[in-house]
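Asker: Using the sequences and the hints, build the whole thing.
Protein chains: 2
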Amino acid sequence: MTLIDGKATAATIKAEIKAEVERIVAAGGKRPHLAAVLVGHDGGSETYVRNKVLACEACGFRSSLIRYEDTITEAELLDCVKQLNEDADVDGFIVQLPLPKHISEQKVIEAIDYRKDVDGFHPINVGRMAIGLPCYISATPKGILELLRRYDIETSGKKCVVLGRSNIVGKPMAQLMMQKQYGDATVTVCHSRSRNLREECLAADIIIAAIGRPEFLTADMVKPGAVVIDVGTTRVPDATRPKGFRLCGDVDFANVASLCSHITPVPGGVGPMTICMLMLNTLAAGKREYYQ
Amino acid sequence: MTLIDGKATAATIKAEIKAEVERIVAAGGKRPHLAAVLVGHDGGSETYVRNKVLACEACGFRSSLIRYEDTITEAELLDCVKQLNEDADVDGFIVQLPLPKHISEQKVIEAIDYRKDVDGFHPINVGRMAIGLPCYISATPKGILELLRRYDIETSGKKCVVLGRSNIVGKPMAQLMMQKQYGDATVTVCHSRSRNLREECLAADIIIAAIGRPEFLTADMVKPGAVVIDVGTTRVPDATRPKGFRLCGDVDFANVASLCSHITPVPGGVGPMTICMLMLNTLAAGKREYYQ
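First to last, the protein sequences are chains L and P. Under this note's numbering, the first residue of the first sequence is numbered 4, with each subsequent residue one higher. Under this note's numbering, the first residue of the second sequence is numbered 4, with each subsequent residue one higher.
Mixed in with the good hints there might be a few duds.
The list treats identical chains as one, so a pair stands whether inside a single copy or across any two.
BS3-like, lysine-lysine: derived pairs with alpha carbons at most 27 Å apart [unchecked claim]:
{"hint": "1", "residue 1": "Lys110", "residue 2": "Lys183"}
{"hint": "2", "residue 1": "Lys85", "residue 2": "Lys110"}
{"hint": "3", "residue 1": "Lys290", "residue 2": "Lys85"}
{"hint": "4", "residue 1": "Lys104", "residue 2": "Lys85"}
{"hint": "5", "residue 1": "Lys21", "residue 2": "Lys290"}
{"hint": "6", "residue 1": "Lys183", "residue 2": "Lys104"}
{"hint": "7", "residue 1": "Lys104", "residue 2": "Lys226"}
{"hint": "8", "residue 1": "Lys226", "residue 2": "Lys33"}
{"hint": "9", "residue 1": "Lys246", "residue 2": "Lys10"}
{"hint": "10", "residue 1": "Lys21", "residue 2": "Lys110"}
{"hint": "11", "residue 1": "Lys33", "residue 2": "Lys85"}
{"hint": "12", "residue 1": "Lys33", "residue 2": "Lys21"}
{"hint": "13", "residue 1": "Lys246", "residue 2": "Lys21"}
By construction, these hints were calculated from the structure, which means they are not laboratory data.
Answerer: Now the structure itself:
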């Protein structure tokens, strides 16, 4: 069994990005610039954005953090998006989600210039991904593809089961895994309404669990030799931990791991890859790799 | 076994559209207006566009046909698209594909205002469909959903196998069938690289065959009681036919039909629904149903 080390892989990729940025800058090119907009003081969002800023430093990017109180109006936030769209120095930017309830997240996402949409949430990027055109691919599915690639896991012609059909993970993951230039696999998407989940999973060479139910995937659902990617990160109360909770994946790791050819742990698997993929998208934005 | 009659269903829907258009017009509203751009003299395209114009008449729409010789430049065609985007009387329009080789189809598709993109090919519509937002859904997948709905075929929680992963049929079909508000099914997408195709199909309650290989789906691949939707329309040489060919589906109809609870014939199944769905999209365009 090979443990897929997302933390180490992310560190390697960030070092690769930094080396490329230094080459670009040494050749007289522009240092990529990521801006992040943070509304309010949600604890999780604060942590994510801080880690994104730190990752920018590790990659040699310029970063800007724009903060607003959660009393900001939708119109004011849309105006901020407009300014970032027009700011020629900003190559890509994100608006950290979730937003306060009085602001339409979808409206904000659609206001972002798709050429700077390094989160890959704009419908144009989602649509281009679906039909196989160059685009920003959102962080979690892109990170999983990268892990599979870097661990030399064959996907072409394999049977892949995606558990979950969220817009952020399940659906794009399925779309990528089925496409010839990405996974080229036979893909089944299972969800809350699916029957015979155990049989579906048992037939899979690769299982990508993104269902948000702690330890949902148990040993009796996994074929020996399967590859298991765990996207779950549910906070489970745990009095023995300093923060009072532990992160729990969708996989019963203790009993499943020994069956697998490869498995990602939680934490330390898919999680560390996501911010790293945002960095890859920002590098692509700086290089105008997908759009002029 | 129930034969799914696409021709009759399409006629019913067109009558419904016409009734609604007359209500709209009687109430002082605007008659929906579809424009079609046809480049060159490809026989298939001529037929499609003629049938689209006839369907507009049947639905009480206004239609405009804009013809160009295949010597038109890309810039000239893009200029035509721009004019149609700006023409307030045109609610929706299509550029009939394929286009001559010197013109980028993707560039033309992306030049169309997504709010008038009644073919549903623009990345914004593709992306919005993928994440479950209101949008124009392309004709073939939309037509199949409509057939399933009008024949009261339960899809929620069912196992659906989609054969083929084209941008026009397989991929959007899979995306729709998996979404809660459309098919809500467990969806597997199979393609040229898939193994165990027979087993995958045998497990399916619903098979949507869009692989473009005549009579590919044989009786040994179909579970008794399954629903079979045949999207294939390959021209097979046939000296006994006036045109020298017959249309052949992806399903070995003669041997599969008796096994099925429902099956679409070729021709007369999915085919007649596609133009009809373009009409539904045009009606939605006229009513500004998805976009202002």
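Asker: A separate judgement is required for each hint: does it hold in the structure or not?
Answerer: Status of each hint after checking the structure:
Taking identical chains as interchangeable, the C-alpha atoms of Lys110 and Lys183 lie at most 27 Å apart only when they sit on different chains, with a minimum of 22 Å there against 32 Å within one chain. Taking the closest pair of Cα atoms, Lys85 and Lys110 come within 27 Å of each other both inside a single copy (12 Å) and across two copies (25 Å). In the homo-oligomer, the alpha carbons of Lys290 and Lys85 lie at most 27 Å apart inside one protomer (22 Å), although the nearest pairing across protomers, at 30 Å, exceeds that limit. Only within a single protomer do Lys104 and Lys85 lie at most 27 Å apart by alpha-carbon distance; the minimum there is 21 Å, versus 38 Å between protomers.
Taking identical chains as interchangeable, the C-alpha atoms of Lys21 and Lys290 lie at most 27 Å apart only when both belong to the same chain, with a minimum of 14 Å there against 52 Å between chains. Proximity of Lys183 to Lys104 under the C-alpha cut-off of 27 Å is restricted to the inter-copy arrangement: shortest distance 24 Å between copies versus 39 Å within a copy. For the identical chains of this complex, Lys104 and Lys226 are neighbours neither inside a copy (43 Å) nor across copies (48 Å), given an alpha-carbon limit of 27 Å. For the identical chains of this complex, Lys226 and Lys33 are neighbours neither inside a copy (49 Å) nor across copies (60 Å), given an alpha-carbon limit of 27 Å.
Taking the shortest Cα distances, Lys246 and Lys10 sit within 27 Å of each other inside one copy (21 Å), while across copies they are farther apart (63 Å). For the homomeric pair Lys21 and Lys110, neither the shortest alpha-carbon distance inside one copy (34 Å) nor that between copies (34 Å) is at most 27 Å. Only within a single protomer do Lys33 and Lys85 lie at most 27 Å apart by alpha-carbon distance; the minimum there is 22 Å, versus 35 Å between protomers. Taking the shortest alpha-carbon separations for Lys33 and Lys21, only the intra-copy value of 13 Å comes in at or below 27 Å, while the best inter-copy value is 58 Å.
In the homo-oligomer, the alpha carbons of Lys246 and Lys21 never lie at most 27 Å apart, since the shortest distance is 33 Å inside one protomer and 64 Å across protomers.
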